[in-house]
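A.B. asks: Here are the chains, one letter per residue:
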Amino acid sequence: MSETPDRHSADSSDNRLEEDIEHVDASTDPGLAEALAQDRAREEGDQESDDQRWQDAFRRIISGGWAVSLGAILLAVIAGSLMIIVTDEAVQEASAYFFTRPADTFAAVGEAVGGAYSALFQGAVYNFRADTFAAGIRPLTQTLNNATPLIAAGLGVAIAFRAGLLNIGGQGQMLMSAAAAGWVGFGVTGLPFPIHLILALVAGILAGALWAGIAGLLKARTGAHEVIVTIMLNYVALYLLSYFLATPGLMQAPGSANPKTPPTPESAQLPPLLGERYTLHWGFILALVAVAVVWWILNRSAVGFSYRAVGENPRAARVAGIDVSRSTVSVMLVAGALVGLAGVTQVLGTVTTGFGADIDAGIGFDAITVALLGNSNPIGVLGAGILFGAFKAGGSAMQAAEGIPIEIVLVVQSLIVLFIAAPPLVRAVFRLPQPGGKPRKKRSQAARKEAAA
Amino acid sequence: MSAPTVDGAPTGTSDAPRTVTTVSWKTSIALAVVLALYALLLLLAPREGSARFSLSTPTDFFQLPVYVLPGMATAWVCAAVAAALLVVSVVATRAQRRTPLWATGVYAAALLVGFLAWAAAGSPRDLSVVGLLGGAIALSVPLVYGSLSGVIGERSGTINIAIESQLLAGAFTAAVAGSLTNSPWVGLLAAMIAAALVGLVLAVFTITYRVNQIIVGVVLNVLVIGLTSFFYSLVLVPNTETLNSTTRFEQIPIPFLERIPVVGPVLFDQTIVVYLMPVVVFLVWYGLFRTRWGLRLRAVGEHPRAADTVGIEVLRTRYRALLIAGAVGGMGGAFYTVVSINQFGREMTAGAGFIALAAMIFGKWNPVRAALAGLLFGFATNLQNVLSVVGSPVPSQFMLMLPYVVTLFAVAGLVGRSRPPAALATPYTKE
Numbered sequence: 162m163s164e165t166p167d168r169h170s171a172d173s174s175d176n177r178l179e180e181d182i183e184h185v186d187a188s189t190d191p192g193l194a195e196a197l198a199q200d201r202a203r204e205e206g207d208q209e210s211d212d213q214r215w216q217d218a219f220r221r222i223i224s225g226g227w228a229v230s231l232g233a234i235l236l237a238v239i240a241g242s243l244m245i246i247v248t249d250e251a252v253q254e255a256s257a258y259f260f261t262r263p264a265d266t267f268a269a270v271g272e273a274v275g276g277a278y279s280a281l282f283q284g285a286v287y288n289f290r291a292d293t294f295a296a297g298i299r300p301l302t303q304t305l306n307n308a309t310p311l312i313a314a315g316l317g318v319a320i321a322f323r324a325g326l327l328n329i330g331g332q333g334q335m336l337m338s339a340a341a342a343g344w345v346g347f348g349v350t351g352l353p354f355p356i357h358l359i360l361a362l363v364a365g366i367l368a369g370a371l372w373a374g375i376a377g378l379l380k381a382r383t384g385a386h387e388v389i390v391t392i393m394l395n396y397v398a399l400y401l402l403s404y405f406l407a408t409p410g411l412m413q414a415p416g417s418a419n420p421k422t423p424p425t426p427e428s429a430q431l432p433p434l435l436g437e438r439y440t441l442h443w444g445f446i447l448a449l450v451a452v453a454v455v456w457w458i459l460n461r462s463a464v465g466f467s468y469r470a471v472g473e474n475p476r477a478a479r480v481a482g483i484d485v486s487r488s489t490v491s492v493m494l495v496a497g498a499l500v501g502l503a504g505v506t507q508v509l510g511t512v513t514t515g516f517g518a519d520i521d522a523g524i525g526f527d528a529i530t531v532a533l534l535g536n537s538n539p540i541g542v543l544g545a546g547i548l549f550g551a552f553k554a555g556g557s558a559m560q561a562a563e564g565i566p567i568e569i570v571l572v573v574q575s576l577i578v579l580f581i582a583a584p585p586l587v588r589a590v591f592r593l594p595q596p597g598g599k600p601r602k603k604r605s606q607a608a609r610k611e612a613a614a
Numbered sequence: 101m102s103a104p105t106v107d108g109a110p111t112g113t114s115d116a117p118r119t120v121t122t123v124s125w126k127t128s129i130a131l132a133v134v135l136a137l138y139a140l141l142l143l144l145a146p147r148e149g150s151a152r153f154s155l156s157t158p159t160d161f162f163q164l165p166v167y168v169l170p171g172m173a174t175a176w177v178c179a180a181v182a183a184a185l186l187v188v189s190v191v192a193t194r195a196q197r198r199t200p201l202w203a204t205g206v207y208a209a210a211l212l213v214g215f216l217a218w219a220a221a222g223s224p225r226d227l228s229v230v231g232l233l234g235g236a237i238a239l240s241v242p243l244v245y246g247s248l249s250g251v252i253g254e255r256s257g258t259i260n261i262a263i264e265s266q267l268l269a270g271a272f273t274a275a276v277a278g279s280l281t282n283s284p285w286v287g288l289l290a291a292m293i294a295a296a297l298v299g300l301v302l303a304v305f306t307i308t309y310r311v312n313q314i315i316v317g318v319v320l321n322v323l324v325i326g327l328t329s330f331f332y333s334l335v336l337v338p339n340t341e342t343l344n345s346t347t348r349f350e351q352i353p354i355p356f357l358e359r360i361p362v363v364g365p366v367l368f369d370q371t372i373v374v375y376l377m378p379v380v381v382f383l384v385w386y387g388l389f390r391t392r393w394g395l396r397l398r399a400v401g402e403h404p405r406a407a408d409t410v411g412i413e414v415l416r417t418r419y420r421a422l423l424i425a426g427a428v429g430g431m432g433g434a435f436y437t438v439v440s441i442n443q444f445g446r447e448m449t450a451g452a453g454f455i456a457l458a459a460m461i462f463g464k465w466n467p468v469r470a471a472l473a474g475l476l477f478g479f480a481t482n483l484q485n486v487l488s489v490v491g492s493p494v495p496s497q498f499m500l501m502l503p504y505v506v507t508l509f510a511v512a513g514l515v516g517r518s519r520p521p522a523a524l525a526t527p528y529t530k531e
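Protein sequence lines, in the order shown, are assigned to chains A and B. 614 is the number that our numbering gives the last residue of the first sequence; the numbers go up by one with no jumps. 531 is the number that our numbering gives the last residue of the second sequence; the numbers go up by one with no jumps.
Derived by calculation from the structure, the hints in this document are not laboratory data. Just so it is clear, CB atoms sit at the ideal spot from N, CA and C, and this is done for glycine as well. Any given hint could be a false lead.
Have a look at the derived ranges for each label pair, beta carbon to beta carbon [said to hold, decoys possible]:
(1) A:I239 <-> B:A209: 41 to 49 Å
(2) A:G416 <-> B:V134: 50 to 58 Å
(3) B:L144 <-> A:R461: 51 to 59 Å
Under 10 Å between C-beta atoms, here's a sample of chain A residues computed to sit facing chain B [to be verified]:
(4) A296
(5) A385
(6) I392
(7) I567
(8) V573
With the hints as extra help, turn the sequences into a complete structure.
C.D. replies: Spelled out as structure tokens, the structure:
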């Protein structure tokens, strides 16, 4: 009874409201036009003097996206350092007599933070204590190995994001793809090496695609919000896989009571990339191929153009003759396939001794941060994936060497994304100039609103 | 399934002629499908023996016997009752009336009893009805508070994916504050403040900096998991005695009422956090639908520009809504460490925030319905616990999956259409 009036108003205003906002947005354009005109005038003026042009270039660099990304990383690392400092025992002891001998505190702070970052670097890039170069470089291969699923899943989130969809379902898609690939891996026997591997790869990627496709289909057919659907599908996948794993005869390793699968046989494993000495496997190459393919799809193909068009403005895309429902379903299929690749490389390359329901290792959620840090473009995702892979590798080394829990990596990663998503905040902290020139594509809306305000 | 589901909302749509109220067949179809599945289950997996239901606890006024029912016979009788109610629903729909609520209620109860009789058949142990219902209430506490937090936030126009992090932050802070002061009340208060702070962060980023609300929510979840786990292993674990062992709220049995069989131990022998639950549900409902504050809040969530035009401070209203929502969510978080057990554990909320989110959607953004959905999901979770005790044939994973599947159907419009507030997820900029 209580909700009749407001439901009615919701019913009638739903569509009209959106149109209203659209309409009002258009009417703010005078403000935008004015800002642009001022800008153009400023740019013309700038061209007169060589000196000013350099200043302008510099201003553009520090007001651009890269400066914000760098600032965000710096802020997050500072926050991480603070966490290390306040929990470090030596610092706590020294700070007890801070006012008598402050130098002790600073020394302890330096030691705690320095030790942590040195461990992080040595765990992620190059281990100076190793005897040979081959052993010293091992952390870097571990970083790339960690980056493999992050890149693949990050691409899956990024491509959906470009089409205006938020794919929170990485976890579920990875679990289903891992289940399918794993099942083909240990369930099918007697196939020779490359065929078995390819079969498992395809099965896993298909499973991921279909699982994400459910979300796409529901979104296209019923308008169900993809975020809610993908979150729910995560849990459905988790319990489905748990059931498979706990049931003898389905996926549980024979003769075991643990919810764990049998190991992946050699014939279905991704071979090591740099020889048996390193863990890095061919999955990394697959991830690089995926980067190239996604770049091609987004920038060179008609399908990719329709994705981007739908992402920028679904109504305009529909008017232009793009089938929005179809592109929603197809982009979710592609996104699921990419996340599926992440699940597959885990099962067939990284964890070949049998896996449990935690095979996704939080990568589905990390992928969201990777995609955001990479600004949803494939090259950016590659870089962000490697950076987060390095954090992961270095974080474990830091935990082992300095006793700093690896969860600090989660904190730093999430802070990076939080800051990157709010450029005005980062600019305010570092007193960077607000963007004056052409606003970047992704931030144009925010910039427009600021211009209007 | 395709034609009637899309636009057959039970209230008349604007396209229909004015006098006609469209009554959809959706309810009848849903009842028929569920009954068919249930009958299929009975046919394909018949079970021997009888089921034992125990209803009494030793302190009741009078003792009820342990009822021993023949499993399959009871199950089929219940199926017959449900079939009769299905007929009632079909007749009502044909007469252009809605399926009466009592019919749906009795239908659900009949199938539940039948299912329990089937599942517990042949088990030597008693199926404790008190344990089933009492446990369900306990498990649903964080879900109900969490879903209320979601309702308040989303009615004001901000998607709150961060319920999970509010619960976790609340649990952590309640553990620390409660242990330091030895007072569960301080723990509860601290949990509310901590979760409100999470809400504040959400507000700053989504309202002031206009960042995508879902992204902020997801990131906040990761951030709070990271922070709590970090400080848990570095600070709480070495100092368990001083920082991580709380005094819990005592159970407060209500005199006389607590000795009524079944109802007493389930409803009237609980802690203060549980007693507060219906009060908070009522307050949120009253606040949202009967006060000026609620009207403004909903206006801001439906059509912020119109609200702004008549002089409502949109941003301030949204900020305030998220802070209050956070505080309510924190009460649910406190449940983990000052009611349920007396310690914080790494990631101890284990996805309850997402079930709360599901409950909010299933409850169609209405506090009362969301709370009922929370109870239902809590019941489903506890049903799985109880059935594993009596040794049921249903894999526990499928019971645990239930809330999420139900929500999937709900958002897809198969079980009543869930419509979010119109201005959800859109940041507002004053002209």
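A.B. asks: A separate judgement is required for each hint: does it hold in the structure or not?
C.D. replies: Hints versus structure:
1. A:I239 <-> B:A209: 41 to 49 Å: Given about 58 Å between the Cβ atoms, the range is violated.
2. A:G416 <-> B:V134: 50 to 58 Å: violated (39 Å)
3. B:L144 <-> A:R461: 51 to 59 Å: holds (53 Å)
4. A296: violated (30 Å)
5. A385: holds (4 Å)
6. I392: The hint holds - A:I392 has a Cβ within 10 Å of chain B, the shortest such distance being about 6 Å.
7. I567: At about 9 Å, which falls below the 10 Å cut-off, the nearest Cβ of chain B leaves the hint on A:I567 intact, so it holds.
8. V573: holds (8 Å)
Of the numbered hints listed earlier, those contradicted by the structure are 1, 2, 4.
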